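Residue strings, one per chain:
Number of protein chains: 2
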Amino acid sequence: MSIITIERKVLEKNDEVARKAREEFAKRRMLAINIVSSPGSGKTSILERMLEYFNDAVAVGVIEGDVQTDLDAQRIAKYDVPVVQVVTNGMCHLEAKFVYDSLSAFDGKDIRLLIIENVGNLVCPSNYDLGEEFKVVVLSTTEGDDKPLKYPAMFRNASVLLINKIDLLPYVNCNVDSMIKNALTVNPKLKIFQLSCTNVQGIAEWCGWLEKQLI
Amino acid sequence: MSIITIERKVLEKNDEVARKAREEFAKRRMLAINIVSSPGSGKTSILERMLEYFNDAVAVGVIEGDVQTDLDAQRIAKYDVPVVQVVTNGMCHLEAKFVYDSLSAFDGKDIRLLIIENVGNLVCPSNYDLGEEFKVVVLSTTEGDDKPLKYPAMFRNASVLLINKIDLLPYVNCNVDSMIKNALTVNPKLKIFQLSCTNVQGIAEWCGWLEKQLI
Numbered sequence: 189m190s191i192i193t194i195e196r197k198v199l200e201k202n203d204e205v206a207r208k209a210r211e212e213f214a215k216r217r218m219l220a221i222n223i224v225s226s227p228g229s230g231k232t233s234i235l236e237r238m239l240e241y242f243n244d245a246v247a248v249g250v251i252e253g254d255v256q257t258d259l260d261a262q263r264i265a266k267y268d269v270p271v272v273q274v275v276t277n278g279m280c281h282l283e284a285k286f287v288y289d290s291l292s293a294f295d296g297k298d299i300r301l302l303i304i305e306n307v308g309n310l311v312c313p314s315n316y317d318l319g320e321e322f323k324v325v326v327l328s329t330t331e332g333d334d335k336p337l338k339y340p341a342m343f344r345n346a347s348v349l350l351i352n353k354i355d356l357l358p359y360v361n362c363n364v365d366s367m368i369k370n371a372l373t374v375n376p377k378l379k380i381f382q383l384s385c386t387n388v389q390g391i392a393e394w395c396g397w398l399e400k401q402l403i
Numbered sequence: 189m190s191i192i193t194i195e196r197k198v199l200e201k202n203d204e205v206a207r208k209a210r211e212e213f214a215k216r217r218m219l220a221i222n223i224v225s226s227p228g229s230g231k232t233s234i235l236e237r238m239l240e241y242f243n244d245a246v247a248v249g250v251i252e253g254d255v256q257t258d259l260d261a262q263r264i265a266k267y268d269v270p271v272v273q274v275v276t277n278g279m280c281h282l283e284a285k286f287v288y289d290s291l292s293a294f295d296g297k298d299i300r301l302l303i304i305e306n307v308g309n310l311v312c313p314s315n316y317d318l319g320e321e322f323k324v325v326v327l328s329t330t331e332g333d334d335k336p337l338k339y340p341a342m343f344r345n346a347s348v349l350l351i352n353k354i355d356l357l358p359y360v361n362c363n364v365d366s367m368i369k370n371a372l373t374v375n376p377k378l379k380i381f382q383l384s385c386t387n388v389q390g391i392a393e394w395c396g397w398l399e400k401q402l403i
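Residue numbers (our numbering), protein chains in the order written: chain A, 189 to 403; chain B, 189 to 403.
Calculated from the structure, these hints are not laboratory results.
Take the hints with a grain of salt, since some may be wrong.
Each pair may be met inside one copy or between any two copies, as identical chains are not told apart.
[Said to hold, decoys possible] Taking lysine-lysine and the DSS-like style, the derived pairs with C-alpha atoms no more than 27 Å apart in a straight line are:
1) K400 to K297
2) K266 to K369
3) K400 to K369
4) K197 to K285
5) K215 to K285
6) K297 to K266
Quick caveat: nothing in here was measured; it's all calculated off a predicted structure.
Required output: the full structure, derived from the provided sequences and hints.
Here it is in structure tokens:
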């Protein structure tokens, strides 16, 4: 059996579990989003700002994916929302079964928005459907405006691009117009928001849009 | 055949080719280093500063690994050094065979230092020996000081840590002392340099040390 056949089988199996997770989300009227990015782009910081924005207005649940440690779940636990930590033990992406198996933690809590923070990796998670409604890719200004062209699969498979750390623009060699142009070249349908977690610029716009997507 | 068995076979096959590459490096008296990091940590910018430092004093060859595009090789080509672009077509890491198959491009050029820039990914490339003398992991201050704990395999398998973008420290939430402490917790033997590609701070120290490792 070739490696490609094995990989296809892994993805097919994952897609099957993702379908079950998607059915479960619909049954629970839960909007699930899958946040992906490089390590250090600011996924957890954005999540913190989102939890502050939604506060008691929207019931949010969180699944934290990490290669090692529960540092992110510790950060999120302060916000008094249900959070499940998935440690992948070296695996470079989340798979649908991790998400599906975590759902019982949200039983009876009437969660309306499930935020899944994937492992920090701009390549591998693009292939793995977690049953989410859509993927949200985060790219920070410090990473450079060429990244959508260099890592196209992730930008092609996402519906939303959050350009983070725009407060650092005066200090870094990044042209946001080029970044947006490169992202739209790869995926013309991307919905794009510009954010700063430091001065909360753009957070209300992004969260307001997301709130309208709730089911 | 299980997936774990397949993965082990892939790694064993890779190690075998890495051994051949390592023998070839020794025969050519070429020091090969494998630079790894997240996307956007500044691997290519560091490479540019290194090429400026070594200029005509050390014959350098470059292998550029990218998921897609030859943007990095285009940047490096300006420095008039031999460069081979490897496009992995979606694969999340370089394997030894890419490196071994590229070596003929350096025939007759008496290269003393071969710099391999891996795909931007802080997880997967840690498992793949390319035959290099050692791995150099780049972590930028904008990524946060917790990353060595969250992605330990890469820091454990590297010999050198380059902390990049230290010029941005006044603007980001990063404690370099904590970053160093976290890195040394994971790997007490790490040799650490602090760099800025913008104001070239630390470049001479890192390149001077590297020059002493030439064989």
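When no copy is named, should K400 and K369 be tagged within, between, both, or neither for a Cα gap of at most 27 Å? Classified as within: same-chain Cα gap 26 Å, cross-chain 44 Å, threshold 27 Å.
Intra- versus inter-copy proximity for K285 and K197 (alpha-carbon distance at most 27 Å): This pair counts as both: shortest intra-copy Cα distance 14 Å, inter-copy 25 Å.
At most 27 Å between C-alpha atoms: does K400 with K297 qualify within a copy, between copies, both, or neither? within (21 Å within a copy, 61 Å between copies)
As a check of your reading, is K215 near K285 (CA-CA no more than 27 Å) within one copy, between copies, both or neither? Classified as within: same-chain Cα gap 18 Å, cross-chain 48 Å, threshold 27 Å.
With 27 Å as the alpha-carbon cut-off, assign the pair K297 and K266 to within, between, both or neither. within (18 Å within a copy, 58 Å between copies)
If the cutoff is 27 Å on CA atoms, where do K266 and K369 land: within, between, both or neither? Let me know, please. between (38 Å within a copy, 25 Å between copies)
Figure legend: structure checked against the earlier numbered hints; every hint is met.
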